[in-house]
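Chains F and D supply the protein sequences, listed in that same order. Start counting the first sequence at 791; every next residue gets the next number (the working numbering). Start counting the second sequence at 791; every next residue gets the next number (the working numbering).
There may be inaccurate statements among the hints.
What the hints assert, rightly or not - As a list, the in silico DSS-like pairs of lysine-lysine whose alpha-carbon atoms are at most 30 Å apart: (1) K992/F x K834/F; (2) K1060/F x K887/F; (3) K1060/F x K992/F; (4) K815/F x K854/D; (5) K815/D x K834/D; (6) K965/D x K815/F; (7) K803/F x K1084/F; (8) K834/F x K1036/F; (9) K834/F x K1060/F; (10) K1060/D x K815/D; (11) K965/F x K815/D; (12) K992/D x K815/F; (13) K887/D x K834/D; (14) K1078/D x K834/D; (15) K887/F x K803/F; (16) K965/F x K1081/F; (17) K815/D x K992/F; (18) K1036/F x K815/D.
To be verified - Sample of chain D residues with no beta-carbon within 12 Å of chain F, all distances over it, derived: (19) E792; (20) R796; (21) G833; (22) E942; (23) G998; (24) G1044; (25) A1069.
Hints listed in this document are in silico derivations from the structure and should not be mistaken for laboratory results. Ideal placement from N, C-alpha and C gives every residue a C-beta, glycine not left out.
Number of protein chains: 2
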Amino acid sequence: MEYEERLLEYGRKTDEALRGCFSNKPAHCGLFEAMEYSLMAGGKRLRPALTLECCRVCGGEMEKAIPFACAVELIHTYSLIHDDLPAMDNDDFRRGKPTNHRVFGEAGAILAGDALQTAAFEVMLRPESGRGLPPERVIAAANTLAKAAGAEGMAGGQSMDVACEGRGLTITDVKQIHRLKTGAMIRASAEMGCIIGGGGEKELAALGRYAEKIGLAFQIRDDMLDVEGNVETLGKTAGSDRANEKITFVTLLGLEECRRQVDQCTLEAKDALRELPEAGFLCWLADKLAKRNK
Amino acid sequence: MEYEERLLEYGRKTDEALRGCFSNKPAHCGLFEAMEYSLMAGGKRLRPALTLECCRVCGGEMEKAIPFACAVELIHTYSLIHDDLPAMDNDDFRRGKPTNHRVFGEAGAILAGDALQTAAFEVMLRPESGRGLPPERVIAAANTLAKAAGAEGMAGGQSMDVACEGRGLTITDVKQIHRLKTGAMIRASAEMGCIIGGGGEKELAALGRYAEKIGLAFQIRDDMLDVEGNVETLGKTAGSDRANEKITFVTLLGLEECRRQVDQCTLEAKDALRELPEAGFLCWLADKLAKRNK
Chain F
791 MEYEERLLEY
801 GRKTDEALRG
811 CFSNKPAHCG
821 LFEAMEYSLM
831 AGGKRLRPAL
841 TLECCRVCGG
851 EMEKAIPFAC
861 AVELIHTYSL
871 IHDDLPAMDN
881 DDFRRGKPTN
891 HRVFGEAGAI
901 LAGDALQTAA
911 FEVMLRPESG
921 RGLPPERVIA
931 AANTLAKAAG
941 AEGMAGGQSM
951 DVACEGRGLT
961 ITDVKQIHRL
971 KTGAMIRASA
981 EMGCIIGGGG
991 EKELAALGRY
1001 AEKIGLAFQI
1011 RDDMLDVEGN
1021 VETLGKTAGS
1031 DRANEKITFV
1041 TLLGLEECRR
1051 QVDQCTLEAK
1061 DALRELPEAG
1071 FLCWLADKLA
1081 KRNK
Chain D
791 MEYEERLLEY
801 GRKTDEALRG
811 CFSNKPAHCG
821 LFEAMEYSLM
831 AGGKRLRPAL
841 TLECCRVCGG
851 EMEKAIPFAC
861 AVELIHTYSL
871 IHDDLPAMDN
881 DDFRRGKPTN
891 HRVFGEAGAI
901 LAGDALQTAA
911 FEVMLRPESG
921 RGLPPERVIA
931 AANTLAKAAG
941 AEGMAGGQSM
951 DVACEGRGLT
961 ITDVKQIHRL
971 KTGAMIRASA
981 EMGCIIGGGG
991 EKELAALGRY
1001 AEKIGLAFQI
1011 RDDMLDVEGN
1021 VETLGKTAGS
1031 DRANEKITFV
1041 TLLGLEECRR
1051 QVDQCTLEAK
1061 DALRELPEAG
1071 FLCWLADKLA
1081 KRNK
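This is chain F alone, in the form it adopts within the complex (with noise of 0.2 Å):
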């Protein structure tokens, strides 16, 4: 167990580094209560922990990663507040909690979003963020992630998610999609990592593809969770795809091809790494990714 180790420990680091964001600020009526509510209610950490190991495996100190490994998870966080709002998915639930704007009201919701989003930045640019580092490694990361989560990344693809809604998709739509709205922070957090470490043209175009297939892999298993899984497990409603009369990749390729997609997607990931050397725990973590069963 040592890689499920490592991986807590990611998980232990970037819940300190997040806590600690947020320690003595004053309370803007309810501002920061708010951002912390679903900063810290208890999301798995992926994107951070891919961010610290792709800064290690690339020769870099894994603590120095940290601020980077936070941005990720403020910007990701921020991106599930907005898109549970009523107007996007009117999600009830998530992780098991009451939605952001169930407890804060539509308002406080969009603001907590808001000023995750900016909080994102204001890490990774803070002058103690940046010590120890290359300046330009620290604009190249921060760059890297203001794409992977824009309107050529994350925005974007939320955007043609909720304006195709109840239209008919192919599965090369509902590819492109997840592409931009999960896909690019996934990669990007990987990239990240490769830059704070030091990596090259030839680390960073490896660990982008590898996160690239790790995150198809991951959202085929969300998809087929939605159907087997059930509520307690998920923390959420399962079959709320259905119910939602959605267009995923098991209505359209059925459970057997999507358990198929999953394992190809993952042996690719995998295959992507076979130049670097250390690239045990990621391998772990999509075969993990793979078999999850929440």
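Starting from the known structure of chain F, fit chain D onto it as the hints suggest.
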């Protein structure tokens, strides 16, 4: 009219660069269209002008500050879109045009705001923006904007404003809300220009103080115009504050005392610049803002 011409030139430079941000973009189900709709809705480009002029005053090349001037306007535009949402101020018109959510729907407006915020950081951190600049300046300027836009600045102020609606507010509360909600960004606009232009501690403090004072004067004047103005010159509904029973500088101080405080702040703004050479334009701008009718 030399200064008037310079102000227009700054606006043109900003518009041109902002248009460049969105040329040749894929049509992700209308996201870029929604972003551009509000970004190009005829804003006064006051904040970018401050960034560009403060860079010049500190001895920098104005052109180098353009991506940072764009970033300020991108953040400002995102905040207007989100502030207008039904869950916030529920405004139907902005700058004489239907608000973003009236045209693109609530989900579209939330996402357009989100993606505009991300674009602000992407623009500052892209490789070409840093060309010919020490990377430390890029990081410091981008961090200044992040701090001003986030939970301890603009978003915090908006949160206080929303949460305090309908409560009894003192003049101290109203000043604090505006210092965060609008003042922080105006101050950051000036400071970013100073940082990019290579200004030192003395310039940063003087320009920061100047911007804080014109920011306060600007807001008091805004409240006065809501009472004095009419819909044709304002492009929004005059008297909306009174209709919403909003506590403003005018309801707390009266028009006459507001006028006096605008003049006093403007004097203090100009006084802050007394040790800076080349402050003519900024002094002229302070006077112009104090006298504005829209």
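**Hint numbers not upheld by this structure, sorted from lowest to highest** = Those not satisfied are hints 2, 4, 10, 22.
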